[in-house]
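Asks: What follows is each chain in one-letter form.
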Amino acid sequence: MSQTMSAALELSGVGKSFTMHLQGGVRLSVVSNVTFSASPGECVVLAGPSGTGKSSILKMIFGSYRCERGQILVRQGQAAIDVAAAGPRQIIGLRKNVVGYVTQFLRAVPRVAAIDIVADPLVSGGAARESARKRATEILQQLNVPAPLWGLPPATFSGGEQQRVNIARGFLPELPILLLDEPTASLDAANRAAVIDLIAEKKRRGTAIVAIVHDEGVRDAIADTVVDVRRFTDAA
Amino acid sequence: MIGAGDEQPLLVAERLSKRYGRQIGCRDVSFSLYEGEVMAIVGESGSGKTTLLQLLSSQMEPGAGRVLYRMRDGVTRDMAKLSEAERRFLFRTDWGYVHQDAAQGLRMGVSAGANVGERLMAVGWRHYGRIRHSATTWLDRVEIDRDRIDDTPRTYSGGMRQRLQIARNLVTQPRLVFMDEPTGGLDVSVQARLLDLLRGLVADLGLSAVVVTHDLAVARLLSHRIVVMKGGDVIESGLTDQVLDDPREAYTQLLVSSILPP
Numbered sequence: 001m002s003q004t005m006s007a008a009l010e011l012s013g014v015g016k017s018f019t020m021h022l023q024g025g026v027r028l029s030v031v032s033n034v035t036f037s038a039s040p041g042e043c044v045v046l047a048g049p050s051g052t053g054k055s056s057i058l059k060m061i062f063g064s065y066r067c068e069r070g071q072i073l074v075r076q077g078q079a080a081i082d083v084a085a086a087g088p089r090q091i092i093g094l095r096k097n098v099v100g101y102v103t104q105f106l107r108a109v110p111r112v113a114a115i116d117i118v119a120d121p122l123v124s125g126g127a128a129r130e131s132a133r134k135r136a137t138e139i140l141q142q143l144n145v146p147a148p149l150w151g152l153p154p155a156t157f158s159g160g161e162q163q164r165v166n167i168a169r170g171f172l173p174e175l176p177i178l179l180l181d182e183p184t185a186s187l188d189a190a191n192r193a194a195v196i197d198l199i200a201e202k203k204r205r206g207t208a209i210v211a212i213v214h215d216e217g218v219r220d221a222i223a224d225t226v227v228d229v230r231r232f233t234d235a236a
Numbered sequence: 001m002i003g004a005g006d007e008q009p010l011l012v013a014e015r016l017s018k019r020y021g022r023q024i025g026c027r028d029v030s031f032s033l034y035e036g037e038v039m040a041i042v043g044e045s046g047s048g049k050t051t052l053l054q055l056l057s058s059q060m061e062p063g064a065g066r067v068l069y070r071m072r073d074g075v076t077r078d079m080a081k082l083s084e085a086e087r088r089f090l091f092r093t094d095w096g097y098v099h100q101d102a103a104q105g106l107r108m109g110v111s112a113g114a115n116v117g118e119r120l121m122a123v124g125w126r127h128y129g130r131i132r133h134s135a136t137t138w139l140d141r142v143e144i145d146r147d148r149i150d151d152t153p154r155t156y157s158g159g160m161r162q163r164l165q166i167a168r169n170l171v172t173q174p175r176l177v178f179m180d181e182p183t184g185g186l187d188v189s190v191q192a193r194l195l196d197l198l199r200g201l202v203a204d205l206g207l208s209a210v211v212v213t214h215d216l217a218v219a220r221l222l223s224h225r226i227v228v229m230k231g232g233d234v235i236e237s238g239l240t241d242q243v244l245d246d247p248r249e250a251y252t253q254l255l256v257s258s259i260l261p262p
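Order-wise, the sequence lines are chains A and B.
Position one of the first sequence corresponds to residue 1 (our numbering), numbered consecutively onward.
Position one of the second sequence corresponds to residue 1 (our numbering), numbered consecutively onward.
The following block holds chain A by itself, in its conformation from the complex:
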């Protein structure tokens, strides 16, 4: 399963379908033969209309969807791990050390303050709570989240504020691969610009990024490669 590779991430022949047992076993084919790669410092944008399987591809890379066919190689140090064949423990390890994932929705945890939601991934990665919180405040500031909110649980925040807390959480750890699912969906122009800056900074540091963005301005600002997902949609 381990082999050397130069890209940070490499998908080949990846396919996915859902069997809906509650609808009499209907099979929904989502994508097939997905093949692309992302190098360190490269931003690959997945393009295509809604419902063509873009998010499903990100979820398969992250391991929250199962991958039925093909290979998803992720480079970890000198080794390459196939997420499609990895067990739970390996995937937990990859999420801690290699692959980050930012969606537009924050899964708010009851009672946990925004600052700790942002700092938590660093803490579980071994950082001291205080230094993690300090770095959390810096990125929250960069994303214009008002300081009075930092100590509050985000369940009652506006959509845009929750999204920025989520972005802060996802961007803070230094991981080699970052998956972004509509990170700018409900943000105003100033905050979109702040996110574009963060992405540019990640690229300079050698992070490989796979992103879904519908906003053309954002896409043009961040994309090095655009992959049209329609070519992976099953004709059937």
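Bear in mind the hints are in silico, worked out from the structure with no lab data behind them.
Wrong hints could be hidden among the right ones.
As the list claims (entries may be wrong) - Not everything, but these chain A residues come out facing chain B in the computed CB check (under 8 Å):
| id | residue |
| --- | --- |
| 1 | V26 |
| 2 | I92 |
| 3 | R111 |
| 4 | S124 |
| 5 | L149 |
Unchecked claim - To be clear about the criterion: a stretch of chain B counts as covered by chain A if any three or more of its residues have a C-beta under 8 Å from a C-beta of chain A, and this derived list gives those stretches:
| id | stretch |
| --- | --- |
| 6 | 118-131 |
| 7 | 182-195 |
| 8 | 245-259 |
Glycine is no exception: its CB is placed at the ideal position from the N, C-alpha and C atoms.
Since the structure of chain A is already known, use the hints to place chain B on it.
Replies: Okay, now just chain B, sitting in the frame of chain A:
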């Protein structure tokens, strides 16, 4: 040795089965749990969740199969082959067991402080001042007012009793905690507080845990891995978000789609 030990599972279930007469409790369950991992066992009432938990925690003998546990000295032992004294020691130190009904896990007639201190005395603590200090620290950690340390749990609310039970279990710094519906029967705000507390403690202490719950939201919040049971069989298992976001089996799809969104 430590690096090598890290890769050894803490708890291993090998083809565990249990029958109650003609009734099947659970059948052919195998998995490995590693240090720092939280595993949820979900399924409806009667699916075998609690039977499995009791087999894992040596409260019941399996009809077939075995449970292996890696002791603090790094040696993995077959639970059935431990002496009674060894097993008791494990229960008092390295393991915790949080019951759904706190009254089963607490001594209702003695003070909160004594409930926590008792576990320490069982592992040889004798200095009253230190025991009391440790008990106070733990009450703080589980957010019980220090002024209540001399009250018995009879005078506590359901949520407080549950938090006290958790303090009693964790005071000896166990490596593995079994929990049977830890939030069952509590109202939602009390549940949220307890879950947040558990989540924090598990992360801070690097605990491993096996949590039985019928609440998928609890499983998602607390666990890394999940086992779905039905009629005594494990029908699906894997990473928690993988099983809940991309359920493969008909029954799991039904479970996931049966949740009322808040």
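Asks: For the stretch 182-195 of chain B, count the residues whose Cβ lies under 8 Å from any Cβ of chain A; is that count three or more?
Replies: holds (count 3)
Asks: Double-check L149(A) for me: the hint is only fine if its C-beta lies closer than 8 Å to a C-beta in chain B.
Replies: violated, 18 Å
Asks: Return the status of the interface hint for S124(A): holds when the least beta-carbon distance to chain B is below 8 Å, violated otherwise.
Replies: The hint holds - S124(A) has a Cβ within 8 Å of chain B, the shortest such distance being about 6 Å.
Asks: When the nearest CB of chain B is found for I92(A), is that gap smaller than 8 Å?
Replies: Since the shortest Cβ distance to chain B is 6 Å, the answer is holds.
Asks: Is the shortest C-beta separation between V26(A) and chain B less than 8 Å?
Replies: violated, 12 Å
Asks: Are 3 or more residues of the stretch 245-259 of chain B near chain A, judged by a Cβ distance of less than 8 Å?
Replies: holds (count 8)
Asks: Given that the stretch 118-131 of chain B was listed as covered by chain A, double-check it with a C-beta distance under 8 Å for 3 or more residues.
Replies: With 0 residues closer than 8 Å to chain A, the stretch 118-131 of chain B misses the three-residue bar; violated.
Asks: Let's test the interface hint: is any C-beta of chain B closer than 8 Å to that of R111(A)?
Replies: Hint holds; R111(A) Cβ to chain B Cβ min 4 Å, cut 8 Å.
When the structure is compared with the earlier hints, violations turn up for hints 1, 5 and 6 and for no others.
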